[in-house]
Amino acid sequence: MQRRAFLERLRSHSARGETQPEVLATPDLPELRLLSSQERIDLFMARLSEIGVVAHLVASLPDAREAVERLLRERAWGSVACAPGLSWQGIAEQWTVEAREVAMGLSEAEWAAAETGTVVVKTSADERRGYSLLPSAIGVIVREGRLRDTLGDVLREIASEEGPLPSCLSFISGPSSTADIASIHVVGVHGPREVFVWVIADGPAPGGDRGSRRHDE
Amino acid sequence: MVTCLGDALFPRVGLAAARVLGNLGVAVDFPPGQTCCGQPAFNAGQRDVARRVARPFLRAFADSEYVVSISGSCAAMVREEYPRLFAGHAEEATAVHLASRTFEFSEFLVDVLGVTDLPVSRHARATFHHSCHTRRLLGVVEQPVRLLGMVEGLEYVPLTGADRCCGFGGTFAVKMPEISTAMVDEKVDHIVETGADLLIGLDMSCLMNIEGRLRRRGRAIEVRHLAEVLAAGWSS
Amino acid sequence: MVVLSAASRQAFDARVRDALADEVLQKVVAEGQDYMQALVEPVRAEAQWAAAVDEIARIRAHTLAHLDRYVDEFATNVEARGGKVFFAADAAEARRYVVDLAQRQRAKLIVKSKSMVTEEIELNPALESIGAKVVETDLGEFILQLAHEKPFHIVAPAIHKSLEQIRELFSTAAGRELKADAQALTEYARGALREQFFAADMGISGCNFGVAASGTVVLVTNEGNGRMTTTLPRTHVVVMGVERLVPTFADLAPILKVLPWAGAGERITAYVTAITGPRRDDEADGPGELHVVIVDNGRSRILGGKYEKILTCIRCGACLDVCPVYRKIGGHSYDSVYPGPIGAVLSPLLDGLACHAELPFASSLCGACTEVCSAGIPLADYIRQLREDSVSNGSAPTAWRLGFQAFAAAAVRPRFWAAAEAVALPFLRLLSERGALFNGRGPLAAWTRGRDFPRAEGTSFRSQWRRQPKRRAS
Chain F
878 MQRRAFLERL RSHSARGETQ PEVLATPDLP ELRLLSSQER IDLFMARLSE IGVVAHLVAS
938 LPDAREAVER LLRERAWGSV ACAPGLSWQG IAEQWTVEAR EVAMGLSEAE WAAAETGTVV
998 VKTSADERRG YSLLPSAIGV IVREGRLRDT LGDVLREIAS EEGPLPSCLS FISGPSSTAD
1058 IASIHVVGVH GPREVFVWVI ADGPAPGGDR GSRRHDE
Chain E
333 MVTCLGDALF PRVGLAAARV LGNLGVAVDF PPGQTCCGQP AFNAGQRDVA RRVARPFLRA
393 FADSEYVVSI SGSCAAMVRE EYPRLFAGHA EEATAVHLAS RTFEFSEFLV DVLGVTDLPV
453 SRHARATFHH SCHTRRLLGV VEQPVRLLGM VEGLEYVPLT GADRCCGFGG TFAVKMPEIS
513 TAMVDEKVDH IVETGADLLI GLDMSCLMNI EGRLRRRGRA IEVRHLAEVL AAGWSS
Chain G
34 MVVLSAASRQ AFDARVRDAL ADEVLQKVVA EGQDYMQALV EPVRAEAQWA AAVDEIARIR
94 AHTLAHLDRY VDEFATNVEA RGGKVFFAAD AAEARRYVVD LAQRQRAKLI VKSKSMVTEE
154 IELNPALESI GAKVVETDLG EFILQLAHEK PFHIVAPAIH KSLEQIRELF STAAGRELKA
214 DAQALTEYAR GALREQFFAA DMGISGCNFG VAASGTVVLV TNEGNGRMTT TLPRTHVVVM
274 GVERLVPTFA DLAPILKVLP WAGAGERITA YVTAITGPRR DDEADGPGEL HVVIVDNGRS
334 RILGGKYEKI LTCIRCGACL DVCPVYRKIG GHSYDSVYPG PIGAVLSPLL DGLACHAELP
394 FASSLCGACT EVCSAGIPLA DYIRQLREDS VSNGSAPTAW RLGFQAFAAA AVRPRFWAAA
454 EAVALPFLRL LSERGALFNG RGPLAAWTRG RDFPRAEGTS FRSQWRRQPK RRAS
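Residue numbers (my numbering), protein chains in the order written: chain F, 878 to 1094; chain E, 333 to 568; chain G, 34 to 507.
I should point out that these hints are in silico values taken from the structure, not numbers from a laboratory. Note that CB positions come from ideal geometry on N, CA and C, so glycine has one too. The reader is advised that the hints may include incorrect statements.
What the simulated footprint calls covered on chain F by chain G, stretch by stretch (three residues with Cβ under 8 Å from a Cβ of chain G suffice, anywhere in the stretch; the number is not a length) [as the list claims (entries may be wrong)]:
| id | region |
| --- | --- |
| 1 | 883 to 891 |
| 2 | 1028 to 1035 |
| 3 | 1039 to 1045 |
| 4 | 1066 to 1075 |
Build the full structure now, drawing on both the sequences and the hints.
Have a look at this one:
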């Protein structure tokens, strides 16, 4: 059907009524509000663990790199796929179509949410979808300044940002899982089986100890 | 409010309720103009018939200060549905007024009369069936449990799956008897699991359904409306 | 029409009988419901939950009131980001678009992630008819595809299958005996489907929610197949119901507080994937083309009507997880794309009551569905209202109609009522003493086949009350 006719059919059936405002006010739900950056990190670490993520707290980016290298040695993983910016000498290898043979994909999170243990990865010219999807194990680096209290905070921030959204934003909370087989919970289905997160505790976002940018700040 | 079912098949429940209320100092009257609140027709989708049946029901209670029902689902019909059923009709105001005065039996005792203890005893191991409409439409959950707690000698065992329907559902029980029977079977299993020798409830429709299946399965567990337990166990 | 409905009822009864006799089904469905209830009930009791549900209802009601505007905005933004939008008035148009696209692109292998709408429009057979192989990649749907069965539940489509049944299915597909172990079976599926993802020409997905302000398609999943399907093939097709929109990204917040709990018993699903357009020119992976097919198929008819709230459903499955009828008869008994309480309302509204005559009556109106609905839909009330529609259509069996008329005639005449009782009740007592009511025959058979009839006292309350010493109000 043509667009105009399709929309007209919807319009003709709608019962708008006087009670519906033209524009909807943003939801203002009671949300978890953490007082300090430390609380935020603590909750994030706890939730990550709960959902099956192996999480480590490090002090700096160089420390994160060391931690990643340690993991690769422990597991005897020889290849990592990641964006050039994270390409640390000695461990990086460019992603190809055969990415499934790479032992681990490494990404940096654009945002993270403490309440749910979520990391958010976005696509760009350098950051490929495959890095956080195709290998059996994926690692994500999260900077403290990008950590928010809740998923709602992240969503609101995304909604208020100028400019178009990236082609793909992936909110990742733990490894892939299912309970479709007789309600038995199984970890590792089509997506990665293992998720590692390194949180770099290098100070909260500018604007104070609270990582969430609220309208009242 | 004795309900059509109560009037025809379970007079003892209405009498027990009247006795308990009388013992508590309430002047009890039975306006004979009441027959049926219209719920069976209403739930079967026969809206016009339901309204027709409900009209004299409205008039019957015109002079009653409170209307106490021995059935939670019938009380819910009056309280929750009557205002909508008569919206835009001449009887709308009457319906709203009646709704505001109508209570389920245990709700009336606890919330209106403020009963906190009763001279009632019954030595038995008992479990309780929370009827769906009583729980979900009236929000009556803890009142009956509180009243049970006032019965001396009563050992109360909670029922597994207490908030799951017993399968009566009005005409559903006879329109879809196989499904209904499967549902009441599970309810009976849970009741038997409690080891109770007495099942108490607030709705004779549910209790009739459960008792019918208990007996068919050869179970002798006694089935009583809360009002019966209170009336019978009242120390004079 | 009478003949049709008798056949329809017989078919329904046969499906119900099969379900009731299926011990595996009975056990698995009850366990599934109990498992979900244990996980979700404590969370539902929190004050936060009620606030989120109200918020969801508010957002969705607003969206529906201005649906044409939001669909317009959504489509404009999808196109601005390089995607293509097709407006499908009905199932046939939607099928035709996707089939034509598959043909033009010479798509031989198509991977699909779960989408109820694609079931509704019967897309798979249409694609298969042009020679394309369609592979369901959601584990539950994959199981169903092997078993040649329809979905049993809207969130966990193969919940009725036991571990052993799945083991057998997978072993047959694998050509070797697999272990009766959920991990091992999942490993098999992962391996079998991974090849397909990489080889596929086209990926088809549903859409949990479309965000109008940005033209974003949001998928809420756990397995990762949603990401694989929408990342690896060169073309990504989204099929979505026209009502699945929210105005802005922020409006997802209350939905994501509720949907993962109600649908999967967890705080958040492993993946929430927000797709805005195909891949950018400078990106190295992702589909080169994005097509969004927006499907009406009867939804606009529901808009603005007394059942409008049914369109606010977020497909969480909570109603199925608490329905005592579903617990006994399972998803297939409903014989519709959407089972359970949501299906009992949506299917008659989309397909017509005549196609689903029994569904509004296959409910005890217990209200559990209304109580747990994540979007505040008055499901039990809608089911009852569909019965009213059925009666107004003249579909009520004559016996019932006359029965109610007779009952009403007595009920409005209290003196006649009392007289009728005086005659009928002693007779009833006589019958019950003779055991005539306990034998599953005669007019009370529908009751007495399964249950004993109560022992009648023989007199009514009102006649006994009259004989009592009076205690009149002062």
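Here is what the structure says about each hint:
By the rule of at least three residues with a Cβ nearer than 8 Å to a Cβ of chain G, the coverage given for the region 883 to 891 of chain F holds, with 8 such residues. Residue count for the region 1028 to 1035 of chain F with a Cβ under 8 Å from a Cβ of chain G: 5. That meets the three needed, and the coverage hint holds. A count of 5 residues in the region 1039 to 1045 of chain F with a Cβ less than 8 Å from any Cβ of chain G is obtained; the coverage claim is therefore met, three being the minimum. Coverage of the region 1066 to 1075 of chain F by chain G holds in this model, with 4 residues showing a Cβ closer than 8 Å to a Cβ of that chain against a need of three.
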